[in-house]
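Given only the sequences and the hints, what does the whole structure look like? Please build it.
Protein chains: 2
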Amino acid sequence: MCRGYVVGMAFCLLAGMANAQNLEYVDARNLLMVGKACSSGEYYHRLDTTFFKELPPKVKYLSTHSCGLAIGFLTNSSIISAKWEVKPDKPSPNLSAMAHRGLDLYIKRHGVWEFAGVGIPDMHANMNEGTIVQDMDSTLKECLLYLPLFSEVKSLEIGIEKGAFVSALPYPFEKKVLIYGSSIVHGAEASRSGTTYVAKLSRRTGLDFVNLGFSGNARMENSMADCLANIEADAYILDCVPNATADQIAERTDYLVRTIREKHPEAPIIVVQSIVMDIGNFNLKVKNDLLVKDRTIRKEVEKLWQAGVQNLHFIEGRDLIGNDHEGTGDGIHPNDLGFERMAETMKPKLMEILDNE
Amino acid sequence: MCRGYVVGMAFCLLAGMANAQNLEYVDARNLLMVGKACSSGEYYHRLDTTFFKELPPKVKYLSTHSCGLAIGFLTNSSIISAKWEVKPDKPSPNLSAMAHRGLDLYIKRHGVWEFAGVGIPDMHANMNEGTIVQDMDSTLKECLLYLPLFSEVKSLEIGIEKGAFVSALPYPFEKKVLIYGSSIVHGAEASRSGTTYVAKLSRRTGLDFVNLGFSGNARMENSMADCLANIEADAYILDCVPNATADQIAERTDYLVRTIREKHPEAPIIVVQSIVMDIGNFNLKVKNDLLVKDRTIRKEVEKLWQAGVQNLHFIEGRDLIGNDHEGTGDGIHPNDLGFERMAETMKPKLMEILDNE
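Quick mapping for you: the protein sequence lines, in order, are chains A and B.
Residue numbers for the first sequence follow our numbering, so the first one is 358 and each next one is one higher.
Residue numbers for the second sequence follow our numbering, so the first one is 358 and each next one is one higher.
One copy or two, either will do: identical chains are not told apart, so a pair holds if it fits within one copy or between any two.
Subject to a maximum C-alpha distance of 30 Å in a straight line, what follows is the list of computed DSS-like cross-link-like pairs (lysine-lysine):
hint	residue 1	residue 2
1	LYS447	LYS511
2	LYS519	LYS440
3	LYS417	LYS511
What the hints contain is simulated information worked out from the structure, not anything from laboratory work.
In structure tokens form, the structure reads like this:
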């Protein structure tokens, strides 16, 4: 139904003398949008829900959050600033304002995406303005500006020195791999929007991992299965154990996998167990509930294997955030240590599957 | 001037049948206070500033924050809850409410302190109440409940099942090692109060690392040198490059080190360079400023060595949070990945020095 990336009109200005106090602003819609599941719909939304009317209302709402989206541009400006307006989700005790509604800039150096600076959000207003990085050399740089995790972006302008060069980046990632999941995919407890495991995977593999995380959701509803199947992608990762009940997993996994498989006969489908939630480290009930859910999804995948479903893969959850219980912020959501471990543990497993495609 | 730990009166109740809905509350002042620099003064403050009248007013204020403090207790209750009142610092874009004013519980298992649960703060009130962990087995457990990083605690009661046993923990750590520093020591951008590098070091070494981090401060004032020298400790770590200027470092290091050495002729004094701040990854001015400050502190330490100051140690900053630029939340403060790397990098260097004492 929807395929391809939103590539804004190339927007170029001639290079000139730098003056950090003298900025001009470029509407981000004239640059490159990275990480969208569908090219249609509201520019800063992750899904065009006019195509997916049956989705749960909360999932539709959460698809307006810009987690996983980034603006790609080339510039030789020695300063990068931004003005951005957000409609934030309600505050959460787990999230810094920076992750909730701030910006996060990466720049490529010697082939590696490296952190460059953050856009610090206003603590009292939805309209934000600030310098992200300054006093850089004036070589041409590939930039990727991650948008807020838990807010809808209403507008974004990127500020550069007057006369500096800026244009849309050529699309920086290959293929398209959807990751469907819960608040963990959404990025709850990342310190900033570029440190989710999804964002790290894209930067480190060069593949386009698309964030379809829905905090407090991802319960594998049939309408979500239909939605995922209708998005063209090269692979589908299902990281949706955390919020689903064992019964829901038993009832819904078959439909979810088969619906995607029917529309995409060749695409790898990769089912991921839950991370080991540290609230179950001493809480025996939580620990047992999670074990039951993880066993249930394993059984469902085994049944599908036995039924002959091909190119269906399974990643265990037990080592994803390490085993020292230091990898979550609240016992549920990975902190930046947990996300780093998830990315590094999943990367070779995923690349073994995706490299063969 | 002040030495020793605040050990509350042992408070014991006979073990009985558990009923998670039926709690009784123990004032935390009847249990064990861990991590205080001085035993006198307000119970939940880090310093008794009536002894240190010359300290900068902002440092005095920040010493009311409970970062690094923890309540130690033994209990066989299957549920642990808390009611706590805070006077929070102003919100920061870098901090989650959990780190700002929440609680963080660790329990010892097979000799290792492991995460057990968090006390989630109210988003709109200073009075908080919540379950930290429940559905545990009823074996006797050693518990360490970390207090908020950026708030003053006004009161704290710990809830256990009616009839369960609770008492003050014997002091869990040996020796006393002061760490004087900036917001990085204070814990800015830890996801919760137990993930600062200071807290990790205590849990992993069994030594009592005492948090004297002062966000936005630690400028090595003479009054602070006098304060540190007047606190009895077995070693002194000076992690105070980040907020001091190069001139301040050049002017103040000698007085700081010599003042401590004069009062404590045998105690190791360990000077730490700044972490490599990732806002200087592309910002050439920030990068250079930090290099100058780090060179300055190294020169000052070398001068002191040449002058014959003994048992003065130096830890380089360049590898403390890794080299991939993923270890900070905002380019300045370590996120949980950075804190984990700091703790693991510093631990062997510190133990080599402290084991010989």
